[in-house]
Each structure stands twice: as C-alpha cells, then as structure tokens.
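K.L.:
The residues making up each chain are set out below.
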Amino acid sequence: MSAQQATLPQAEHPQDALLRTERIPHIWCAGCGIGIAFGSLMSAITKSEIPRDDFAVVSGIGCTGRLAGYIHLDSFHTTHGRAIAFATGLKLARPQGKVIVASGDGDLLAIGGNHFIHAARRNMDMTVICVNNFNYGMTGGQLAPSTPYGAKTTTTPQGSPDEPFNFCSLAASCGATYVARWTALHIRRLTTAIAEALNKKGFSFVEVIAPCPTAFGRRNKIRRSLDLLKLYYDNSVVKNHIAPGEATIDFDNNLVVGKFVDVERPTFLDHYAAINRGEVEAWPATGVDASAAGKRKAG
Amino acid sequence: MKFWREPLDVDQIKVTQGVVTVLEERCKGCEFCISYCSRGVLVMSQKFNRKGYHFPEVIEPKLCVNCHFCEVICPEFAIFSQEAPEAANPGASAGQGD
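Chains as they are written, first to last, in this note's numbering: chain A, 323 to 621; chain B, 23 to 120.
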C-alpha cells in the first residue's frame, strides 16, 4: 500500500489549501452536518475561481460560528447575532470584495433576526449561508425559532409548543435575490447552490438542513447522525421555483428543498451611488401641486 | 451495472480507478463515508485512532471508481480519493463490477 501511495500525486486532502490545518480536527461533534456544509462552501469557493484575497468570511456565535476560525481566508468571528451587521460594514468599506456570512439558525435568525431582514430589504450584496440544525446546539440544545412543532429540546421537554420559522419564506418576502434550501446530504446540489449564490449580485441566502445528533437528535431518540441525515433526505422533495411560502419543512414526506428565488434587483450600493450622484428625482416623483395645497390651507 | 439498453460504445468506456486515502487521525467515526459509498469500498476498522474513534478502512480498493463522494460527505476532511496512476491501473475497462 505504501509503495502504491508513493506514486500518487498527493498525500494531502484537497481541501487543505483552504483550511487552517493546524486547527483541525475541529470542535464539531462526530456526525455534525456543519462540516459537510463547510466542505461545500470551500468547494464552491474553489470552483468560483475568484481570487482568495477578494473573499471575507464572517460568522457569529454558535457551532457554525466557529467556521470562520477554520477557513484560511480573511475571516471574522463577530459578536452574537451581529454577523450580518459586521458584513454590511465590510461590504460598504470594500465594495469590490465578496462577503460571505456563514452562521447558524440561532445566530442569524434568532438574535440576529432584525439584521437579517433589513439586510435582505436593502439587498446588501452578500452571501448568507445558514446551517439550520433546529436547536441551539452549542449551549446544550435549547429551543430555537426553527425547532419543529412537537420536537423535544432541553427547554421544552414535553415538545415544542411553537410554530417554527420558515427562513426561506422570510428571506424571500424581505427581498432576497437568491433563496435556496438543501439538506446536508444533497451535497452536489448544495455546492452548486452556494456557487450560484456567490456569483449572484444581491442578498443571496442558502439554508442547509444539517443533523445535530448530540443536542437535537439525542433528545428526540434519533441518536445516530446517519439516521438524522437519512430522515431529512428521505422526506425531502425537490421543488424548484415554487412560492417560498409553500416551501414547508414537514418531516412527514414534505420537506421541500430546492432553489426558490433567483431574481435581479438593484442592490443597496447601486441605490446609494445613484442618490450620491443626484440621479434620483425628488420624492414624490409626481410632485406636489402647490396651488392646491394653498387652497386647502385657506379653506 | 445493468443497463436497460446496452450503450453502443460500452467496449470503449474506461471505468476510472480511484485510490482512497484515509487520514486516520482526523476521523471521528461518523460512518457517513461507509454508508454512502456506492461501491462498498469502505468498512469500519477495528482499530482506534489517537482520539479513540474507529476509522474507515479500505477493503475493496479495486471497486473504487473515484466518484469523490466520500471526500465531499466527510465532515472532518479525513478521507479523499484520487485517480490511480496508469501503471497501477492496467485492467480498468468496461463491464467491471457486478
């Protein structure tokens, strides 16, 4: 075997070029889906052939938040929930670069929910990758806004009484230009989606449904990560370009995955440049009839 | 592999031969690569690595077709495949496998 290996072109993992290998193995549990999403992100970055210096990866707090520490690019590990706020500043300071925000559901859409919806509304030119594992994994598996109705967590031992968020629908309704959702086992499609999102001008959002065997699976009697991965994959239905509101996460045979939104819209920077150049007409565009206004005042 | 219609160029198609490398010390034993290898190349080793996890072992090196799926599914970046050098791969031809 060793003689055969000597003739092989390489003995290093192909992703090692983008990894801070001195920090590997990472802290994520055995069977965690974040590693798969991370690998997809690195494959997409490699495939895009954009110079490495143009990338910046921002992440918040949480399991997925650790991602920024493992990628060998300019990366920032920001305060809890403020990854998008930080990325907005980064984009404004260096508009020619590509800003990637990679974080978990708790960071991006629980504490950082308002930053998320306003970045989508303004159409900030960034790629947001949300690894959704349906709970707050790092702090011990508490209820998250994405926890399915009835699922058990540390803080809801009888089952979650809440309706979960539909992140893709939220992003689309706030004005994101690219919205896709894939499970961690749709690896090739996920990589393609991230690559498309990277090339998309505007707010692009990719949700990755990832298994969390330690915190989420264990409390719901699915201890093996493989079973969780399979559960998500087997119940998934690919429906591209459907209305994001109909893209439900229903674990009973209707976990909708696919690319839901792919539209063009001017970004915040386009609008901002137009305002600064004085190209935008005074608001409101129809103008105000001064004589009519005077009459009303007199009457 | 069974075809519903025999491809016309079946005798010219070369099945690539891959060589799987396992970086044992990185593995955490999640079994993703073993379960999702479509050719059954891998099996769980009886040995432990330094962190106390079992890691995958190559038992059928000839069956690997270098599809890279173990490489992309591994959350630990602990396994990868690459094309075998030509010299080590003389018998790769169509119709190989079941």
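Watch out, some of these pointers could steer you wrong.
Derived pair list, reagent style DSS-like, types lysine-lysine, alpha-carbon separation capped at 30 Å [stated by the list, open to error]:
hint, chain 1, residue 1, chain 2, residue 2
1, A, Lys543, B, Lys84
2, A, Lys474, A, Lys369
3, A, Lys420, A, Lys522
4, A, Lys522, B, Lys69
5, A, Lys543, B, Lys36
6, A, Lys523, B, Lys73
7, A, Lys561, A, Lys474
8, B, Lys24, B, Lys73
9, A, Lys522, A, Lys561
10, B, Lys69, A, Lys543
11, A, Lys474, A, Lys522
12, A, Lys369, A, Lys420
13, A, Lys552, B, Lys73
14, A, Lys369, B, Lys73
15, A, Lys552, A, Lys523
16, A, Lys523, A, Lys369
17, B, Lys24, B, Lys36
18, B, Lys36, B, Lys73
19, A, Lys369, A, Lys543
20, A, Lys523, A, Lys420
21, B, Lys69, B, Lys84
FYI, nobody ran anything at the bench for these hints, they're computed from the structure.
K.L.:
Provide an ascending list of the numbers of those earlier hints which the structure does not satisfy.
P.N.:
Those not satisfied are hints 1, 2, 4, 5, 6, 8, 11, 14, 15, 18, 19.
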